[in-house]
Amino acid sequence: MISYAECSARERIAQLLDAGSFHEWLPPAERLTSPHLAQLGVPSSFDDGVAIGRAKLGGLEVFVAAQEGAFMGGGVGEVHGAKLVGLLRRALRDRPAAVLLLAESGGVRLHEANAGLIAVSEVMRAVLDVRAAGVPVVVLIGGANGCFGGMGIVARCADHIVMSDVGRLAMSGPEVIEASHGVEEFDSRDRALVWRTTGGKHRWLTGDCDALVEDDVAAFRDAAIDAIGASKPVSLATLEAEHALLSARLRDPLAEDGGDDAIALWTHLGIAGADRVPDLDVAAVRALRPA
Amino acid sequence: MTIPAGLEALDFSFTGTRPAGAFAPVLVGVVGSGNLEVLLEAAGGDGCTVRIETSARGFGPIWEAVLGDFHERHPLAGVRIAINDMGATPAVVSLRLDQAVAELPAAAQGARP
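So the sequence lines, in the order shown, correspond to chains X and F.
For the first sequence, my numbering assigns the number 213 to the initial residue and increments by one for each residue that follows.
For the second sequence, my numbering assigns the number 7 to the initial residue and increments by one for each residue that follows.
It is worth saying that the hints were derived from the structure and are not from the lab.
Treat the numbers as computed from the prediction; the structure is a model and nothing was measured.
Errors might be hidden in some of the hints.
Now the in silico label distances, taken between C-beta atoms and shown as ranges [stated by the list, open to error]:
#1 F:Pro111 to X:Trp237: 17 to 27 angstroms
#2 F:Thr95 to X:Ala250: 19 to 29 angstroms
#3 F:Pro31 to X:Leu252: 21 to 31 angstroms
All C-beta atoms, glycine included, are put in the ideal place defined by N, C-alpha and C.
Model the full structure from these sequences, guided by the hints.
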């Protein structure tokens, strides 16, 4: 077993896809680096923190992008975002069996400000275009940096999300919530709290991810193969269903006794023994989700 | 004396005796705190050039010593090395360089135990 969380972006590509099948576009030797970072005294990376290309998965051609969390927290800068958009637009033309986004990102790379924000919005639009064309976009989340900010939104725009229990998915990250609402509202150093509210188990139980897997590259690979063909076209009906689900969640009467919000939510969702969830392994949590 | 903001770029070159020949570009490491990425490319000729961009300014003599040791271990010829550094220590730099050489064709790696 190889820990997905501990792999670099390039190790994930090498281990998850059919051996030796990855063909990279705009590889490091092209030196397509950030035009902004050097001005701020920050070193660039030769691939701007994301590797993109085509590969085989279970014998089928897929397009793949892998974000490197160790470079600027996987932050999306201008070039990084443009590489993602280019990959997705090429998928519109070439129609691979799926597009895999191995997401690991804190969101927009703040050093690049508006260029990064625009880049993320372009990625969202491109993801929705690819979905509309019937090519499934599959997001894999299991890196130590999680998937936050703009990339959290991108993930929820996709057809299918695979997470490990160590993976995290949300809009505002823990430090952001604490900084804006105070430590009484959210203690970002409380790791158990952070995982109860953003982690893979929570996302699985609330239906925000489609597959919950072990922190194992082979498990991610199997889940990605299963997701090929899992295209979920965006229609008015699916949008209305999503809105209904979110509205119902807002109306949910959560515990008013000062208890734990996450456990109260799971209980309300009909999960038996919700207080035990943090201690359960992945297989046990997988079985808990109401049909 | 104030050190101006920004990166420092350093260039070194050595004359090698072990031709690397043709090879696909090699990338190892990640530009993260205390880490670096090393890109090796085939260049032809008998030189080994090194280009460093680093956020840790003022360590030119240390880089010179670390790269001199590297060249003694691996007197490569026909190689262009490019490094993006975010304050890696000399030991980490040496390990990354050796890791990159380990990805080269066997002839460029010299005698191995």
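Hints, verified against the model:
no.: 1; hint: F:Pro111 to X:Trp237: 17 to 27 angstroms; verdict: holds (25 angstroms)
no.: 2; hint: F:Thr95 to X:Ala250: 19 to 29 angstroms; verdict: holds (23 angstroms)
no.: 3; hint: F:Pro31 to X:Leu252: 21 to 31 angstroms; verdict: holds (27 angstroms)
In this structure, every one of the numbered hints holds.
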